[in-house]
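Novice: Take a look at the letters that make up each chain.
Protein chains: 2
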Amino acid sequence: MKLYSYFRSSASFRVRIALALKGLAYDYLAVHLLKDGGQQLAAEFKSLNSAGLVPVLDEDGAILTQSLAIIEYLDETRPQVPLLPSDAAGRARVRAIALAIACEIHPLNNLRVLNYLSKTLGISDEQKNAWYCHWVETGLATVESMLSDNVLTGTYCHGESPGLADICLIPQIFNAQRFKAKLDHVPTVMRIHEACMRLPAFADSAPLNQPDAE
Amino acid sequence: MKLYSYFRSSASFRVRIALALKGLAYDYLAVHLLKDGGQQLAAEFKSLNSAGLVPVLDEDGAILTQSLAIIEYLDETRPQVPLLPSDAAGRARVRAIALAIACEIHPLNNLRVLNYLSKTLGISDEQKNAWYCHWVETGLATVESMLSDNVLTGTYCHGESPGLADICLIPQIFNAQRFKAKLDHVPTVMRIHEACMRLPAFADSAPLNQPDAE
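Residue numbers (the working numbering), protein chains in the order written: chain A, 94 to 307; chain B, 94 to 307.
These aren't lab readings, by the way, just hints derived from the structure by calculation. You may find that some hints are simply not true.
Same chains, same names: a pair is fine if it fits in one copy or spans any two.
[As the list claims (entries may be wrong)] Quick list of in silico lysine-lysine cross-link-like pairs, DSSO-like style, CA-CA up to 27 Å:
#: 1; residue 1: Lys128; residue 2: Lys275
#: 2; residue 1: Lys139; residue 2: Lys275
#: 3; residue 1: Lys273; residue 2: Lys212
#: 4; residue 1: Lys128; residue 2: Lys139
#: 5; residue 1: Lys95; residue 2: Lys115
#: 6; residue 1: Lys221; residue 2: Lys95
All chains, full assembly: derive it from the sequences and hints.
Specialist: Below is the structure:
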């Protein structure tokens with residue numbers, strides 16, 4: 094397998110964790126989102142993924158896009174070390190937590206959106222940082238309430254094994270910390286973050302441990 | 094089952110289509126996103142879903158949130174009329190199309206984001222409409238390319254049965270049309286939209302056919 098990734102992309106980080114949890118080897122192909130006007134927008138990359146987004150997983154020529162779709166595919170085709178619970182209600186809970194991050198927080202704060210705010214709407218850096226922190230802090234408050242008042246939360250988001258929800262949560266915390274978002278209102282989130290970061294699959298997948306890290 | 098829904102919410106619309114395709118009856122509980130300062134933000138509703146978002150599905154007291162998680166749950170627990178293909182690669186493709194809408198288009202254009210742009214950043218209505226159309230038009234162009242150059246696209250997004258990708262696509266087209274976004278660059282998308290709208294499950298689930306329609 095080949096993974097097209099950018100070290101700082103949190104969607105790429107999610108897939109790296111999933112691959113690591115399952116012990117799957119892959120070739121790392123770096124796509125630099127800032128160099129050359131964005132390598133993800135070059136014709137060569139867009140012929141792989143017309144969306145111009147990382148990550149992309151290439152399995153023997155089969156091109157997979159969208160991090161959550163890739164992770165569900167990996168979980169279906171390599172069921173060892175499952176990333177979703179065995180019961181439908183549990184899967185619904187884990188997917189809802191994952192989507193509360195992947196649909197409600199992350200899309201508002203990715204590079205192309207921040208660029209539109211700066212370049213097209215002309216907002217200041219201060220306003221851009223406030224925008225960033227607003228969506229991270231309110232979004233994580235929601236995730237905190239999904240976790241803190243539910244007996245199914247364990248060492249990880251759902252019980253005693255890390256899975257899809259943790260895979261989405263940890264990259265979001267890295268982003269939050271990079272933008273100096275407030276995190277003291279989400280103690281359960283941070284406890285789970287610390288538990289995950291003690292696992293090599295999470296720590297080794299972190300941005301600064303990638304071949305293209307700067 | 095009870096569905097907490099707002100007629101114009103496209104995430105609610107998605108779940109209504111899924112329920113209709115599977116022939117599942119439900120009680121419709123209207124949550125008005127604009128009245129009373131937003132009924133979704135009232136304590137009563139937030140005790141159900143702390144995110145303050147519709148839809149919510151209540152199945153015998155089990156509370157399910159996030160439209161895609163709800164739909165996957167319905168598909169797992171009521172496998173008749175499947176909404177995902179039977180092969181893992183097909184499921185990955187359908188989920189990627191669904192997520193290209195649910196993660197890349199919809200989150201940028203929902204009510205709370207538009208409110209932030211107007212109220213906190215003070216942008217004009219003209220700028221807000223341009224923002225809206227920018228993300229819909231570029232996002233749908235990506236979806237068009239995922240559909241138009243793939244032999245697996247049929248009458249619907251994936252073959253000859255409507256499924257999760259169509260369920261996400263059609264509400265997004267309703268939104269695009271409401272905001273007068275350009276759609277002439279996405280002919281495959283619009284062909285599929287027309288095919289879906291000929292099906293009662295889609296037509297009956299449309300905003301103006303809901304009990305709380307205005």
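Novice: It remains to establish, for every hint, whether it holds in the given structure.
Specialist: Verification of the supplied hints:
Within a single copy, Lys128 and Lys275 get their C-alpha atoms no closer than 30 Å, and across copies no closer than 31 Å, so neither meets the 27 Å cut-off. With identical chains, the CA atoms of Lys139 and Lys275 are at most 27 Å apart between copies only, with a shortest distance of 22 Å across copies and 36 Å within one. For a Cα distance limit of 27 Å, the shortest separation of Lys273 from Lys212 qualifies both inside one copy, at 22 Å, and across copies, at 24 Å. Taking the closest pair of Cα atoms, Lys128 and Lys139 come within 27 Å of each other only inside a single copy of the chain (16 Å); across copies the shortest separation is 44 Å, beyond that limit.
In this homomeric assembly, Lys95 and Lys115 come within 27 Å of each other (Cα to Cα) only inside a single copy, at 15 Å, whereas the closest approach across copies is 38 Å. For a Cα distance limit of 27 Å, the shortest separation of Lys221 from Lys95 qualifies neither inside one copy, at 34 Å, nor across copies, at 39 Å.
When the structure is compared with the earlier hints, violations turn up for hints 1, 6 and for no others.
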